[in-house]
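S.K.: The lines below spell out each chain.
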Amino acid sequence: MLLPEEPRVSRLLFIPLVLALVALGACRSVEPREKGRAVRVRLEEGVLASAQEGERHALLIGISAYTDPAWNALRYAAKDADDLGRVLADPVRGGFRSVTVLTRPEQTTRTSVLAALQALEARPWRPQDTVVVYVSGHGSLARDVRGELQRYLVTSDTRYRDVAGTGLDMATLEQSLERLGSRRRVLVLATCHSGTGKSLLPPEVRDELAHTKASFLPQPLEAASRASLVLSASDWGEAAREDDALANDIYTHFLIQALDGSGDRNRDGAVSATEAHDWARRNTWAYTEGRQRPSAQILEVGADPVLLSGSLQRPGQPEVFSYSARLEGFTLKVDGRDAGELPGGVVVPEGRRKLELRKGGQVLWEDTVALRSGERRELEAFLRPRADGPRRTVTLGGGVLGFLDGQSREQVLPASAQAGVGLGWEGVLLDGKLDLWVDVAAGQGSQSLRLDPGGDVPVRHRSLLVGVAVGPTWTWGRLGLSTGPRVAGLWLQRSFQLELLDRNEQYVTAWPGWMAALSFRFSPVWMVEARAQALWAYVPVDGQTRTVGFGGLMLAGGYRF
Amino acid sequence: MRARTCGGALVLALVGCGGFDNGDLRTGVVRGRVLGAESGVARVNVMGDSELRATVGSDGRFELAGVPARALELFVVASRTQAARTTVMAQGARVTDVGDIQGKPGAFLTVRVRDEQGAIPPDVEVELRGTGEDRAKVDTSSGEVRLGPLPAGCYALEVKADDLEDVETEVCVREGEERVQPITLPADDDGGGDDDGGSDDHGGRDGG
Chain A
1 MLLPEEPRVS
11 RLLFIPLVLA
21 LVALGACRSV
31 EPREKGRAVR
41 VRLEEGVLAS
51 AQEGERHALL
61 IGISAYTDPA
71 WNALRYAAKD
81 ADDLGRVLAD
91 PVRGGFRSVT
101 VLTRPEQTTR
111 TSVLAALQAL
121 EARPWRPQDT
131 VVVYVSGHGS
141 LARDVRGELQ
151 RYLVTSDTRY
161 RDVAGTGLDM
171 ATLEQSLERL
181 GSRRRVLVLA
191 TCHSGTGKSL
201 LPPEVRDELA
211 HTKASFLPQP
221 LEAASRASLV
231 LSASDWGEAA
241 REDDALANDI
251 YTHFLIQALD
261 GSGDRNRDGA
271 VSATEAHDWA
281 RRNTWAYTEG
291 RQRPSAQILE
301 VGADPVLLSG
311 SLQRPGQPEV
321 FSYSARLEGF
331 TLKVDGRDAG
341 ELPGGVVVPE
351 GRRKLELRKG
361 GQVLWEDTVA
371 LRSGERRELE
381 AFLRPRADGP
391 RRTVTLGGGV
401 LGFLDGQSRE
411 QVLPASAQAG
421 VGLGWEGVLL
431 DGKLDLWVDV
441 AAGQGSQSLR
451 LDPGGDVPVR
461 HRSLLVGVAV
471 GPTWTWGRLG
481 LSTGPRVAGL
491 WLQRSFQLEL
501 LDRNEQYVTA
511 WPGWMAALSF
521 RFSPVWMVEA
531 RAQALWAYVP
541 VDGQTRTVGF
551 GGLMLAGGYR
561 F
Chain B
1001 MRARTCGGAL
1011 VLALVGCGGF
1021 DNGDLRTGVV
1031 RGRVLGAESG
1041 VARVNVMGDS
1051 ELRATVGSDG
1061 RFELAGVPAR
1071 ALELFVVASR
1081 TQAARTTVMA
1091 QGARVTDVGD
1101 IQGKPGAFLT
1111 VRVRDEQGAI
1121 PPDVEVELRG
1131 TGEDRAKVDT
1141 SSGEVRLGPL
1151 PAGCYALEVK
1161 ADDLEDVETE
1171 VCVREGEERV
1181 QPITLPADDD
1191 GGGDDDGGSD
1201 DHGGRDGG
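Taken in order, these protein sequences are the chains called A and B. Per our numbering, the first sequence starts with residue 1, numbered consecutively. Per our numbering, the second sequence starts with residue 1001, numbered consecutively.
You may find that some hints are simply not true.
Unchecked claim - Label-pair distances were calculated between CB atoms; the ranges are:
no.: 1; chain 1: B; residue 1: A1119; chain 2: A; residue 2: D542; range: 53 to 59 Å
no.: 2; chain 1: B; residue 1: C1017; chain 2: A; residue 2: L396; range: 27 to 33 Å
no.: 3; chain 1: B; residue 1: G1130; chain 2: A; residue 2: T545; range: 35 to 41 Å
no.: 4; chain 1: A; residue 1: G543; chain 2: B; residue 2: R1053; range: 28 to 34 Å
no.: 5; chain 1: B; residue 1: P1122; chain 2: A; residue 2: G543; range: 27 to 33 Å
no.: 6; chain 1: B; residue 1: A1071; chain 2: A; residue 2: S523; range: 55 to 61 Å
no.: 7; chain 1: B; residue 1: C1017; chain 2: A; residue 2: G557; range: 30 to 36 Å
no.: 8; chain 1: B; residue 1: E1170; chain 2: A; residue 2: D456; range: 32 to 38 Å
The set of hints was computed from the structure by calculation and includes no laboratory data. In this text, a Cβ means the ideal position worked out from N, Cα and C, and glycines have one as well.
Please model the complete structure; the sequences and the hints are all you need to start from.
M.R.: What follows is the structure, encoded as structure tokens:
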């Protein structure tokens, strides 16, 4: 409900400020048993109903006017809150049970905003309730009492010379949301702290930032927040802009537009927070010609999306999505065709689809995924097993193994063809610096020894090798080089079935050595490898021991998982 | 701890079980049959190795064991008048059958021994090296000894006598040939007869 009793403060008193929108994202957490695997989310009939259970409440804060004339007035911050509140309160669209809009100067003081947040906390929240907090106004940076640079929302009474003492730090805003009993929380910030656009920095901070590398800046709120869903009108360091032609903050304009139904990407009848954000993000990006990139941080995504508008009428088309910063700029291809850029969500036709994540000419990940109506799959979860844990590679191949010197091959045991299987764990030793490989190879042959005297003596021979190696792997694009020490247990047998000699001879030992492998990944999961090994061999022959080299070369195909 | 680990790896590397032995692969057996073999006379041995010899059975069959697995030549005496030489590639740990060996008319070599004064030296022994023939004593009255039957080919003839220098010379004979090989034994300045430093110059000067 839009509260009519909230009087509007004169725009003459407004100083350009931060616009912050906090929306509540209610998300069912991933089932524990699915941790580390792809998140499969399916909207069944019962889930559809439960997704719409609970009440929707919103606190919208638009701060256009400031007491301290040092802050520039914002023309559309209050209007942004009003316009958004109107849509949320509309029973046909948002259907929110209550919408509290704070826009007047006395309502947007630090004390008043904190009181509004406390009032929000005081409500009897249920987990299935949805809460949206939206803030539009100036943002700023200042040193707190500990001397650390923090983000602040500039309230109407914030003094330019004392931001830390009179502004509202974003951490307080975030903590206030965390205390709510609802699990569906969305925080939307139409602010920035870059010193441009809807941001104004004190001179000393601006001077400090001019001489400070970006990595020392405080983290963007959406990167540090523990709220369920944090949507931001601009990326860290970018300006959030108002636009006269739109008569709104640009991001807010398209966010409101999405709630009209335009953002219903999967055609399920409702506009979720992520759908609305994706719509606003893509349109803001296009409208600003790439100068403003709204971002989002989603910490929990469950079966029931945070619905901001409409109601679920049917299972939507399958969707895949990612708001991970590391996937930003990647293109999602579906069945070989471009389907959209990340971050964001993409609707995918139902059925088994080949999905690819590409950037430039490189494929980060590809797989064939079965998608059903109503499903929402997080792309990050597909990649997580490889990113989080040690990556493993199983290889299958063949090659040749034998003594390195010709004399031993002629007089003791000929080289033999081998077939082998190997298993490698990447980065499991020494804080991820060393890989571990285990391999087993077996082979046999029927050749001749060449003795003098003795001539050519037919011999059948078999070998079994079990090896362990450790070492680092260096990669250059798709090419990888691994090398390291190795120990191999070896069983060698030669067998003579001759007229005067029917005898099996064998030798079992363990030999130290070295290995080197060159690999080429022709896809994220498939690779080929050439692996060479050399072992220091100590072999008793005719009652005397020989110290010789033993080695081999294996060519293998591998699968990474 | 690290030292213990390294030590363990070293022990693993040095300790093995089993091994390989090529000894039995270096010799084999050669067998065959001598056609027209005369019992009690026929014999076979490996040229160049007098120890490797075999008697021939009444059916002419023979078997040589422990023969080095390499290319070699057999010296075959089939009867009092026939002999043969045949090559064979012996195989390690296997039996190599040379098949039937047909004796051919053998050559006979008469070695006539004299000292530098033309006298018949006493206690002279003659040997065709590598044929397995026993050393033959020169008849003190005639100063000669007759060797054979010999398969056609060349042989190393060694003549030894007390107080004279030994003489070694190569003698080649043709099939069925009767050959006289005169040998002159020079005086031994060192007074020994065990000197193998004899010279071919002393042999064959009267041959023909």
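S.K.: Please list, smallest to largest, the hint numbers that this structure does not respect.
M.R.: 5
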